[in-house]
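S.K.: Residue-level listing of the chains:
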Amino acid sequence: MRLQKNTQLALYSVLEFAAHPGRQFSAAEIAAKYRVSAHHLAKVLRTLGRARLVGAVRGVGGGYRFAGNAKRLTLMDVIELFEDIGAPPSAAPRGGRRSAAKSDSPAPAAPHEVEQALDVVLAEIDEIAKATFRSITLETMLKLIGRRRLGRI
Amino acid sequence: MAKKAETTSAKVKGSTGDAPRPRVRGAQAADLEQVIDIDARITGLRKREYWAEILRRYGGGRAQRFFLVAESGPRIEGYVVGDVRDWEFGSPPCGWVFGIAVRPDARQAGIATQLLEAICDGFRRHGVTKVRTLLARNNHLILSFFRSQGMMAAPFIALERDLD
Numbered sequence: 001m002r003l004q005k006n007t008q009l010a011l012y013s014v015l016e017f018a019a020h021p022g023r024q025f026s027a028a029e030i031a032a033k034y035r036v037s038a039h040h041l042a043k044v045l046r047t048l049g050r051a052r053l054v055g056a057v058r059g060v061g062g063g064y065r066f067a068g069n070a071k072r073l074t075l076m077d078v079i080e081l082f083e084d085i086g087a088p089p090s091a092a093p094r095g096g097r098r099s100a101a102k103s104d105s106p107a108p109a110a111p112h113e114v115e116q117a118l119d120v121v122l123a124e125i126d127e128i129a130k131a132t133f134r135s136i137t138l139e140t141m142l143k144l145i146g147r148r149r150l151g152r153i
Numbered sequence: 001m002a003k004k005a006e007t008t009s010a011k012v013k014g015s016t017g018d019a020p021r022p023r024v025r026g027a028q029a030a031d032l033e034q035v036i037d038i039d040a041r042i043t044g045l046r047k048r049e050y051w052a053e054i055l056r057r058y059g060g061g062r063a064q065r066f067f068l069v070a071e072s073g074p075r076i077e078g079y080v081v082g083d084v085r086d087w088e089f090g091s092p093p094c095g096w097v098f099g100i101a102v103r104p105d106a107r108q109a110g111i112a113t114q115l116l117e118a119i120c121d122g123f124r125r126h127g128v129t130k131v132r133t134l135l136a137r138n139n140h141l142i143l144s145f146f147r148s149q150g151m152m153a154a155p156f157i158a159l160e161r162d163l164d
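Protein chains in written order, with my numbering: chain A, 1 to 153; chain B, 1 to 164.
Treat the hints with caution; some may be incorrect.
As the list claims (entries may be wrong) - Simulated coverage check for chain A against chain B, where a stretch passes if three residues somewhere in it have a Cβ under 8 Å from a Cβ of chain B:
| hint | segment |
| --- | --- |
| 1 | 124-132 |
| 2 | 138-150 |
Said to hold, decoys possible - Computed spacing ranges between beta-carbons, pair by pair:
| hint | chain 1 | residue 1 | chain 2 | residue 2 | range |
| --- | --- | --- | --- | --- | --- |
| 3 | B | Pro-92 | A | Glu-29 | 41 to 49 Å |
| 4 | B | Ser-91 | A | Arg-147 | 17 to 25 Å |
| 5 | A | Ala-109 | B | Arg-75 | 54 to 62 Å |
It should be emphasised that the hints constitute simulated quantities derived from the structure, not laboratory data. Here the structure is a predicted model, which means the values were calculated and not measured. Beta carbons are placed, not taken as given, at the ideal position from N, Cα and C, and that holds for glycine.
Chain B on its own, in the form it takes in the complex (with noise of 0.2 Å):
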């Protein structure tokens, strides 16, 4: 289902500059080293075995799974990923965001919008009406941007504990 979430080209939502709009498509092998760059860049960490099987797991167009990238010429600009989840926590089904990031040279030109809403493209092909996402809350950054597009407080709570 990924490959449907592909976007054409245009001037980029939100840019001051002239831009050219990143493409977005789903992920590729070829891909992940970038992937691995940007998140490395974010977290301080490179998670290679995660992230590829992060892409066994959600590329490739799986059904109700989204791995999808922004690409400018060769430049992977930024990524996301989640999927269609039924019924989890009792919740009716509805799309989950669990990984967003864009490298931190192409932000405040709209690509985490565009990569928000191609997958939120894709979620809406499944029949589901609501995306959700969880973060740290510390994460004011992250945290901000889901606020500026329109994200409110879902009626759950996290919890946790130590096990000892």
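Looking at chain A on its own, in the form it has when it is part of the complex (with noise of 0.2 Å):
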């Protein structure tokens, strides 16, 4: 699973948020960190504002605080806004060709059974990223930055 320029600055910004979680950020600030374009972020946070990570500060001096719960808040909940995460990829054969015989022999393979069982190990690999980024929730996430800040990773 790679992940899009926006979903990467989603997760900069919600862990930024969510390492200060009282305070106020404006996309300009996160942008300058980042070193991406204030525009662009802006773009992201109103999604991630949509989603209620982050509530926006309206006014002179307005930004962006942080919403969501790090607890509870895991790093799929974020990419999911950003990515198109459905279903894995099936094994089934695809459209307008004919499916997989059912046999052991060793005929040479078809070029659609080749990709049908690339499908099936690439699915693999997206099932294990997903579990991970289900698994690791924000907090967790500032935890190991801290860890790494302390070099015991």
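Dock the two chains into a complex; use the hints.
M.R.: Rendered as structure tokens:
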């Protein structure tokens, strides 16, 4: 699973917010820290706002503040807002192609059989990645960052 | 060895209230009914024979084996089971946790953390420096718990196949 740029920005942002739960950040502040476009980041923050993970503070000096629960919110909760994560790729035949014959014979594999077998492997990798993202809360991520800072990992 | 894994009372680490910290001690036959009940509430299965066998094999302070419970007065709040395994899967001796649970109404009070710390203390006394576990990848609750305790992916991959 390769994360899109927006997803990465969203993860950076929520971790920044969760690390300072009472503090208000502007898009420009976070954008400067991660050296990304503030305009681009503002779009990401709006999506996070619609999902109620951050709350907008209006007016002069406005910005965003964390509105989630770092103990409950997982990386997957954030990723799902930006990535199309549906059912794993099916090993079923692809459209317009005939299904694989039920045989263990060593006959040369047809292209669709190779594709289907590869889909099975890729789906396996995806499921492991999803389970990993689902198991890591923002709080756990912040602990991980802390341990890495101390050189324990 | 399980007897040495007992902990004394104090405030529950990580809890927000003033609930007294449960005492962690080795499991006894009298605890089994409550352990079975906790497991059944979570899994929906009452595994009486299984738990009797676990007590026989892991209870009573057997070398390298741990079956600990967290007790608050007469109530067993949770349990943990594990052992030190030598050279399994090609690995130097390490601790394995293969069962941990806390009553649903006693969660968020640091009891599982306390149980894990107690069994890890037991593992350390056997000289091991690594603890591992294995669980279903859709078991988000327990996966998140172990992650919160600093556990990361191990350099192993679990494999299976149907036996025709």
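S.K.: Are the hints correct? Go through all of them and say.
M.R.: For each hint, the structure was consulted:
With 4 residues having a beta carbon nearer than 8 Å to a beta carbon of chain B, the segment 124-132 of chain A meets the requirement of three or more and the stated coverage holds. Coverage of a stretch by a chain is defined here by at least three residues with a beta carbon nearer than 8 Å to that chain's beta carbons; for the segment 138-150 of chain A and chain B the count is 5, and the condition holds. Checking the proposed 41 to 49 Å range against Pro-92 of chain B and Glu-29 of chain A shows it holds: the Cβ atoms sit about 47 Å from each other. A beta carbon spacing of about 23 Å between Ser-91 of chain B and Arg-147 of chain A agrees with the range 17 to 25 Å that was offered as a hint.
The hint said 54 to 62 Å for the Cβ distance between Ala-109 of chain A and Arg-75 of chain B, and at roughly 60 Å that hint holds.
In summary, this structure violates none of the numbered hints.
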